[in-house]
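Number of protein chains: 2
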Amino acid sequence: MSIAHQRKKQPEAVRQQLLEAAASLCLEKGAGSLTLDAVAAAAGVSKGGLLHHFPNKAALLDGLLDDLMERLDAAIREAMRSDPEPHGRYTRAYLQACFVPGGMAEEGRWKAMTMALLGEPNLRRRWRRWVEEQSVLHAGTDASIDCELVRFAVDGLWLGSVLESHAMPPERARMLARRLTELSYS
Amino acid sequence: MSIAHQRKKQPEAVRQQLLEAAASLCLEKGAGSLTLDAVAAAAGVSKGGLLHHFPNKAALLDGLLDDLMERLDAAIREAMRSDPEPHGRYTRAYLQACFVPGGMAEEGRWKAMTMALLGEPNLRRRWRRWVEEQSVLHAGTDASIDCELVRFAVDGLWLGSVLESHAMPPERARMLARRLTELSYS
DNA sequence: GAAAACATACCGTCTGGACGGTTTTATTGC
DNA sequence: GCAATAAAACCGTCCAGACGGTATGTTTTC
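Going line by line, the protein sequences match chains A and B. With the numbering used here as the guide, the letters of the first sequence map in order to residues 1099 to 1284. With the numbering used here as the guide, the letters of the second sequence map in order to residues 1099 to 1284.
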């Protein structure tokens, strides 16, 4: 008989809140030590409510990954649309989607999911499949050594932001982005 | 009154076994869902024995990180010794220590620890301090944009090997290494 | 009034780690 | 050289709390 119990029902919003809460808790504590109680509490929902939306813990993590990949796909497609040069187009879009400040809609989610991926082997598999698909899909335009190198550097920058291990001034970040972009054309 | 109880005591060897076991279990399941029981069993020691060497779980993970950083330092120092060119020397050593096949003594350990770092916030802090120290230490020779870019790419390659997300033929890996080395001189 | 969207209560299992015992190794005294 | 004693290196058991998940209500919504 809590307040949440009597408020207006908005299942889709609650679902998003749950994903949001799970994502930030993943960031703080890692996917392995993520607990259903904590997620439910952070989202302002009872555990029963959480389990109504996601039948078990694995489903919750799966949901996170689904949401994540959709957003990533969308961000990359959007970035590719405004790029006239075919060569390295995917690589530049990848750079923009993952690194350039402001280019990624909700930065926190990404970081959190990186950790979840590292933790759960089956999520790792799904992620691997996605990466391979992309690599096949853009083999015609983004298979050069430098393009691959740039994408690895983007991954490294991403990892750094997860670990918060590299404090970089904005000016430096811009220079790096410019150099990476430059390399993507060669 | 088990067999293990009566065998010859070799505390240092047991300690290493425990670290080894913890590392590979980290790789499989992530640091968050690492259990003392599993580590002890994998190392062929009782949980009591494990807790004799490491008073609690945090101490075990700390021990892993200590061991890891020592090895990394050693590998980098070793690689730097045989490099006559000062500019980018640290970056090339980092590349060799982390990426080049065979350059890293025990590959599994590194990967496992990456995950542990992602999980535990206080380990993350210690790692961050190490990275910052290195960056200050080699600011004179390895601060160029391209050097930083190369190090990020190495991190990305590392992440890829953890996630097993990039299946790369050896020839391609060699080409990448060569290109990265080349960039480290500019 | 049926179904969806929640909440509450509860259960079985797992996990960290405290504790006391036993055996091996090192040190000391003679 | 050899007991005697201390200390280190383990083992096995037990427990309190945490956690995932079930089962059963209660309230909205359609």
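Treat the hints as calculated values from the structure; they're not laboratory data. Honestly, I wouldn't trust all of these hints.
Remember, identical chains collapse to one label, so a pair may be satisfied in a single copy or spanning two.
[Claimed, not checked] Only pairs whose alpha carbons sit at most 30 Å apart, straight line, appear in this in silico DSSO-like list of lysine-lysine: (1) K1155 / K1145; (2) K1145 / K1127; (3) K1127 / K1155.
Since the model is a prediction, treat every value here as computed from it, not as a measurement.
Here's how the hints hold up against the structure:
1. K1155 / K1145: both (11 Å within a copy, 28 Å between copies)
2. K1145 / K1127: Both ways: K1145 and K1127 sit 19 Å apart in one copy and 25 Å across, limit 30 Å.
3. K1127 / K1155: For K1127 and K1155, the Cα distance is within 30 Å both inside one copy (15 Å) and across copies (15 Å).
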